[in-house]
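Visitor: Build the complex: two chains, separate frames, hints provided.
Chains as they are written, first to last, in this note's numbering: chain A, 1 to 352; chain B, 1001 to 1273.
It should be emphasised that the hints constitute simulated quantities derived from the structure, not laboratory data. Only a predicted model underlies this, so the values are computations on that prediction, with no experimental measurement involved. Heads up, the beta-carbon is just placed ideally off N, CA and C, and yes, glycines get one too. Each statement offered as a hint is correct.
What follows is a set of in silico ranges between Cβ atoms, one per label pair, in the way DEER data are often shown: (1) A/Gln-82 with B/Ala-1165: 13 to 21 Å; (2) A/Pro-106 with B/Arg-1182: 21 to 29 Å; (3) B/Val-1162 with A/Pro-106: 35 to 43 Å; (4) A/Arg-105 with B/Leu-1099: 48 to 56 Å; (5) B/Gly-1087 with A/Thr-227: 36 to 44 Å; (6) B/Ala-1089 with A/Ala-112: 43 to 51 Å; (7) A/Pro-106 with B/Ile-1103: 51 to 59 Å.
Below, a sample of chain B positions facing chain A; criterion: calculated Cβ distance under 7 Å: (8) Ser-1177; (9) Val-1189; (10) Pro-1192.
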Amino acid sequence: MSHLHLRQVSKRFGAVQAVIDATLQVQAGEFVSLLGPSGSGKTTTLMMIAGFEEPTAGSIELAGRQVEHVPPNQRDIGMVFQNYALFPHLSIAANIAFPLKVRGRPRAETEAAVRGALALVGLEEMATRLPRQLSGGQQQRVALARALGYQPTLLLLDEPLSALDKNLREQMQIELRRIHRQVGITTLYVTHDQAEAMTLSDRIVVFNRGRIEQVGAPLEVYARPATRFAAGFIGDSTILDGTASTAPTELRLPDGTTLHTAQPLHTNATGAASLLIRPEDFHLGEPPAGANALPVQVLSVLNLGPHLLLIGQHAGREIRIRTPVSPAALASEGSTITAWWLPAKSWPIPPA
Amino acid sequence: MKPGIPTWLLLLPAVAYLVLVFGAPLGNTFWMSITEPSLGLQNFETILTDPLYARVYLRTVLVAASVTLLCLGFGYPLAHYMARRGGLAAALLLGICGLCFWISYLVRTYAWTVILGNRGPVTAVARWLGIEPPPVLLFTTTASLIAMTHILLPYMVLTLYVVLARIDPNLIRAAHSLGASRWQSFTAVVLPLSLPAVVSGCLLVFIFCVGFYVTPTLLGSPRDMMISSLIANEIEALLDFGSASALAMMLLAAILVLLTIYDRLVGIDRIMR
Chain A
1 MSHLHLRQVS KRFGAVQAVI DATLQVQAGE FVSLLGPSGS GKTTTLMMIA
51 GFEEPTAGSI ELAGRQVEHV PPNQRDIGMV FQNYALFPHL SIAANIAFPL
101 KVRGRPRAET EAAVRGALAL VGLEEMATRL PRQLSGGQQQ RVALARALGY
151 QPTLLLLDEP LSALDKNLRE QMQIELRRIH RQVGITTLYV THDQAEAMTL
201 SDRIVVFNRG RIEQVGAPLE VYARPATRFA AGFIGDSTIL DGTASTAPTE
251 LRLPDGTTLH TAQPLHTNAT GAASLLIRPE DFHLGEPPAG ANALPVQVLS
301 VLNLGPHLLL IGQHAGREIR IRTPVSPAAL ASEGSTITAW WLPAKSWPIP
351 PA
Chain B
1001 MKPGIPTWLL LLPAVAYLVL VFGAPLGNTF WMSITEPSLG LQNFETILTD
1051 PLYARVYLRT VLVAASVTLL CLGFGYPLAH YMARRGGLAA ALLLGICGLC
1101 FWISYLVRTY AWTVILGNRG PVTAVARWLG IEPPPVLLFT TTASLIAMTH
1151 ILLPYMVLTL YVVLARIDPN LIRAAHSLGA SRWQSFTAVV LPLSLPAVVS
1201 GCLLVFIFCV GFYVTPTLLG SPRDMMISSL IANEIEALLD FGSASALAMM
1251 LLAAILVLLT IYDRLVGIDR IMR
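Next comes chain B alone, as it looks inside the complex (with noise of 0.2 Å):
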């Protein structure tokens, strides 16, 4: 390497567009949250006392925390059967996986309300059946639980996968030779391996899941507004930059706190691995 040319200047590129596009902004948003209309916490005040916000917060944590279970419960077994089985099998889900990444939530969102709207298969199948009046699925919470549970699934069975297929198969034979049974080499071996993906899997989709808009915004019920749908709200119709500003906030400190817990537990540099 020539002298003179040190090597942080690599960075610059990166980091002043960083700090252009995301910084700004994001410290404008503190700004606003403690100056608008007035300097001072009057807008944390009103989110931390009035029982409106508490109550979107814990629906939003609620269904953020049914959707990581969901995604949980049905991506470990994919991903754990992709990892033991691998070959042509394998290839095949990772790319149906792959593809639900590439193709954007927001064409999934619109192809979910198709399917659960009133003229869509899910309705058909239920006449079909003889149920009347048909089961209303389209605006409800139900409706964006599945559709977030589909968005986010491939985060959770990639994260999961990646660590589930660099388990050594010895492993696993080992602790059949030694005299486990296949429930036992399970859980003594491959989910105490397998651990620090589950944790980072559920982080992932939790924190996408509490900041996600479009989907319960166009799939779910108005009723059951989540916290992003809220902040849309204080802006678009009440002008009221300061709340949406102070929730935002609220909502980046409790992620802070969440990768701070998962820095503890797992270490961060492992959320991708």
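In isolation and in its complexed conformation, chain A is listed as follows (with noise of 0.2 Å):
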């Protein structure tokens, strides 16, 4: 049975459809992230798996208990917020301590686990700080001691690390990681950063437009996107639409190119199907037999250090390469060069 079970969840602000038909299945234990735009629909999950919206359809099964309409105080949830939401009149030791006081656990329990939370996050000589007196990465972790310090059977994470400029986000993220495999508690993480939710997740949930598009392992998304959204939202990618050939296998570009795939086309009703290349799949150079291949004008030449990203074009569309760095690849600006792949990485996505 899996800890929380959201079953065709839906919520409507007036005629505003946020979310719709919602079901999602996670296990205890598990790093969920909830990928998306903004307006996707991610955080109004979040805030109704939370208590602060109702559903306006749907159950929200925590822990073999329904919640939907269980107020947020009694669903034993811990939530870190964007803006971390301390309360700047207490002490660190007391924002900590406050869901165990408002709990009436005794004093002595209270600062063990006080105690526990702040040498989880390393920040045990700050106990009697104010959270002004500290900066954004440390009220971030503070935050995060305070949701987990009563054990809740569920953390809640809203874009937690947005605020934090770049290289404290990355540490963060190690971070985060460690605590969780340290304290084992189920998560869901709000975030609409595609590598943040790769690097962290044990499962992504790629929202769009108030649906859910797919859920699936990190990499499992990224080289079997199941939508046309999902394949340009996670990592870079090349899009080539056109129509079905006379083989389920083949796609005909407009200009008149066979490519092959591996796997049958998502054809819809006019015959028009799109296979997804990912930028590290191409290669440059004469390809071998059997191999996709495509003239590809070089637009601009980006040295990204291990590697090099060459945007160009091929008939009107954009095509991204990824490849080693190379005295040829970064002349290639400006001129016309072979691309092939072969063509198990031709991923069929539905057509536009």
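Guide: Structure below.
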């Protein structure tokens, strides 16, 4: 039985359908990211799980209990807010003790829990400080300690790292993973940053326009996106649109080129279909037998350190190629090169 | 900035004006309190020893404290509702408060004389309910309490609202998510964060109230005289400028003491924030 189970949860604000038929099962101890652009329904879904919004339809089951009408303070959930939401008038220790105090736990237990939570995030010496005396990263860690200190059944994180700068954000990602491994709490993490979702999660839930488009392990979502949106939102991508040929694994581009794939195409009623190729799957040079090949006019070459990103086009479609640094590739800007890839590396996605 | 034109010159007009119309009369009042009718502290001695004055001071403080508590009692829930609700409802209520601000308190005081008067709606309703004789409200302490609370309520509400509206709603959500009930999150988060505003609002209302003249004079009972009426009486009826000045100085001193305590507790720069 799953720890958290959303069954066809919908939320409407007036005429706006914020979440439509969201169904999701999360296992105990899992780290699951809700990923999507702003307005995709991920935050509303989190707010319904937290109890700040009531679903218009559907049910939410947490630890074997129907909770969709239970007020937030009786759900036993720990939540970390985007702006930390530390109580400014309380010391760090008092902030962490707050959830235990309102539960009327004995003083000794509370003190032990506060010490434990502070040790978990490495801020023991900050106990008597006020939140405003701490840096953003430290405040974030206090918010985490406060949400974990009373050992809730579920941890919710609402874009917790978005206010931090890049270096600190990466540091906190490592920290989050460590803490999650150490505590083992079931965690839901809302983010619009696909790289963050990829690094942190056991599974990713891709949201778009209020719907869950795909649920899967990060690499699975990356390699085999279920929808055009998921393909474009996660990772760099080249999408080629064409029409189905006679064979179910052949795509004909508008210029007449035929491309092969190892999977049957997703063809719509008009016969349109599309293929996704990830930038690292392209190769330059003479294509081997059976490979797909395209002439690509290179528009710009970006040196990303360990590799180059070639941005070019073929018949008006943007092609993004990741390739090792080489003199030929470096000099290719403005010229037309041949890029090839294996049929197994063209992933069929639904047409636009 | 050009050298040679010091910016403090910008202060000059305002400072000169204040010295002329506020500083000078105040100094004159102080001077009269120790020189009328002769040099010495006898005016203060009379005030401190005559139980009449002590009674009036005590009554003034009691009335001011009552009005302050009434304003807080009515104002806090209202400001809290406005701050939490936001949107049109808050804008509307804020507009009503602002309107009360802009209508002269003199006008509002006279309005109360009509409302509470013998032929006013309150009396009419009492008669209609069969209460005979209807309660006499005008020229009682109750009337002046009602009117002063009404006049000073916007100060309390606005002072509280500004601070309550600035409390991050995520703090209240955080308290809920951490297990606090509505009441717990109010007492543990909202109330302590709004406490400086409660002190500011109370101080503001209290200080306005101890010096209130027109409203208690027009609506209140002549027997329940407040300090400002006593000062006016000393001047108009008794022509005792020395006693009147000394009374005014004592009132001023009391307010300064209050402000000092407030400064220690909250910080004087927060009074209008």
